[in-house]
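Enquirer: Given chain H's structure and the hints, the job is docking chain F onto it.
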Amino acid sequence: MNAILQLCDASYRYRGGSVALQAVSFAVDEGQNIGLVGESGAGKTTLLRLLLGLAAPTSGSVMFDGVALDRRNRERMVQFRRSVQTVFQDPYASLDPRQSIGRSVSEPLRSLGIATGADARARVEEALNAVGLPADSATRYPHEFSGGQRQRVAIARAVVGHPRVLLADEPVSALDMTTRIQVLDLLAELGQNNNLTVVMVSHDLGAVAALCSRIVVLQRGRVVEQGDTSTVLAAPAEPYTRTLLASVPRLPSV
Amino acid sequence: MNGPDAAARVNDAEAIVQVDGLRVTTEDGRNLVDDLSFTVSVGERFGLIGESGSGKSLTALALIGLLPDGLLASGSVVVGGRQMVGVGERALRGIRGRVASVVFQDPLASLDPLMRLGRQLAEPIARHQGLRGKALAQAVTDAMADVRLSEPERIAHAYPHEISGGQRQRVAIAMALACQPRLLIADEPTTALDVTVQSDVLDLIDRAVTERGTSLLFVSHDLAVVSRMTDRVVVLRGGRAVESGTISGLLAHQADPYTAALVASARSLDRALEVS
Chain H
1 MNAILQLCDA SYRYRGGSVA LQAVSFAVDE GQNIGLVGES GAGKTTLLRL LLGLAAPTSG
61 SVMFDGVALD RRNRERMVQF RRSVQTVFQD PYASLDPRQS IGRSVSEPLR SLGIATGADA
121 RARVEEALNA VGLPADSATR YPHEFSGGQR QRVAIARAVV GHPRVLLADE PVSALDMTTR
181 IQVLDLLAEL GQNNNLTVVM VSHDLGAVAA LCSRIVVLQR GRVVEQGDTS TVLAAPAEPY
241 TRTLLASVPR LPSV
Chain F
1001 MNGPDAAARV NDAEAIVQVD GLRVTTEDGR NLVDDLSFTV SVGERFGLIG ESGSGKSLTA
1061 LALIGLLPDG LLASGSVVVG GRQMVGVGER ALRGIRGRVA SVVFQDPLAS LDPLMRLGRQ
1121 LAEPIARHQG LRGKALAQAV TDAMADVRLS EPERIAHAYP HEISGGQRQR VAIAMALACQ
1181 PRLLIADEPT TALDVTVQSD VLDLIDRAVT ERGTSLLFVS HDLAVVSRMT DRVVVLRGGR
1241 AVESGTISGL LAHQADPYTA ALVASARSLD RALEVS
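Protein chains in written order, with the numbering used here: chain H, 1 to 254; chain F, 1001 to 1276.
The hints are simulated quantities; they were obtained by calculation from the structure and are not laboratory data. Every clue listed holds true.
What follows is a list of derived Cβ distance ranges for each label pair:
id, chain 1, residue 1, chain 2, residue 2, range
1, F, ALA1255, H, ALA93, 32 to 42 Å
2, H, ALA234, F, ASP1206, 25 to 35 Å
3, F, HIS1253, H, SER59, 51 to 61 Å
4, F, TYR1159, H, THR243, 21 to 31 Å
All C-beta atoms in this analysis are idealised placements derived from N, C-alpha and C, irrespective of residue type, glycine included.
Just chain H, same shape as in the assembly (with noise of 0.2 Å):
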C-alpha cells in the first residue's frame, strides 16, 4: 500500500515545554480514508498543523509521498499543497464574504499556479459540479448560501486543484443533522470518484464511522489505539476506545 502521509514517532513540544503529541505514528493510505478521533486536548489541532506543513514536529518526521517534509524546500512544497488540501470546521468562517464564490473556489488555482483564464473557469465550475451546487452559484456571494451550502463551496475550493488527500477538520459538526448526512455522502463520493483520500479529524465517532475505514484513536496527545474502523469499533481494545464508544448518545431501538 501506498502512504501519501506518514507520521512516524512525531512528537511536538511548545517552547514552553507542554508536550502537546508524543511519539504519533500513523500512515495516510491512498485510496483509505481515515478518521483522527479525539476529544479536547487529545493534540488534533496540533496534528492537523503537522499534517498541512505548517508546523514541524520537534522529533519525528511527516513523510509525504516517503520522504520527510522538509518545509523550507519551496518547489517540494508547492507540490505538497497541491496535493494535500483542506476544508474547516466553521463554514461561515472560511470563505471571504467579499468574494464570489467562483473567486474563492479558483483561489487555489492562482495561488499554486495550477490554471488561469478560461481553463480556470472550467475548473472551477467542474468542482462546482462536483459538489452538487448549480454553476451560477459562481457569480453569488457567501451570505447567499446555507451552512450546508458554504461547507460545499469550502469542499469545492478544496478540491478545484484534484488534490490527493483532503484534510478535514470537523467538517460536518457545525451543520444540522440533515446537512451533515448529505455532507458525509459527498465526501465519500468524492473519494471514490476523484481518487481522493480524505482525512477526517473529528470528535464524533459516528461520522467517523460512516466514511472512513481507518480509524486512529487519540488521547492526549498519544495515540491508543488505530486500525480498519469496524475492527476497533467491533472490538476496541483500549478502555478510552470503549469509553468513547459508550459514550455516543444512540437512538432507541424501536
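Expert: Chain F in isolation, oriented as in the chain H frame:
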C-alpha cells in the same frame, strides 16, 4: 400568593407548562415562532427538537420571558400557573429561578467572568434559602458536590475561565437548581462539550430531575440526545410544529417528511457504528 401577577395566575394543577398559540415576532413583522402550542405535565420530560432557525431556543427563552430586545411574544405561555406573555419584568423575576430556570449551551454566557464561582452560586442559594455565613458556605459546597464537582473548595475559589467546559456546565446546572425550580429548561446543554463529558452531564441532569421530581424541558438538535432525555417531543421547523408525539411513536412512524429525514439521519449515523 399575592403580588402584581396574582391576577395572571391560571388554575391548572396538571400542567407545568401550557403554551397556546405562541408567536415570536420581529419588529418588521416576521414570525420566528408561529402558532405553537404544547403542554408539559408536572414531572414530565419534554423535548423540543429542531435544527438551526427552527425557533426552538426562542421558544425556550419565551417560556421565561428572556426574549432578546426587538422580539415580541404573543399568545399564551403559562408556566407554573402564571402567564409569562405580556407581564412586567418584576413579575417575571419572581418566576425565574423558583418556578423555572435555564441551563444554556454556553455556560460562560450564564456565569460572570469576574466573580469567583462560589460567590455566584451563593447568591441564588442565599436568596432562596435565606442562609448566611458558614451555613451558606456549607450549602454552596453541598450544591457543588451534588453536581459531582470534585474539589468543590478549589472550584468555589476559581473564576469561570480557570475550570474546564464540563465543570463550568456543572456549576451552571448547580446554579439553575439552587432555587429548587419546578421546571428545568435545558437549551442544548451538552452541544459544546466533549462526547464523554456530554454523557456525564446528561446523566447528571437525568439524576437531578429524577431525585427532585423536577419537570424537564430539553431543547436540542440531536435526536439521539433528546430521545435519551425525554419521553415526548415537538419537532419544530421554521418556527412551526411539524409533528409531535412520544419518542417511541416518532421513531416507529413519522407523518411529516422532515421528521422522517431527521430520524433517517440519526439512524444512518447509528448504523455506521453498528459493526459486527
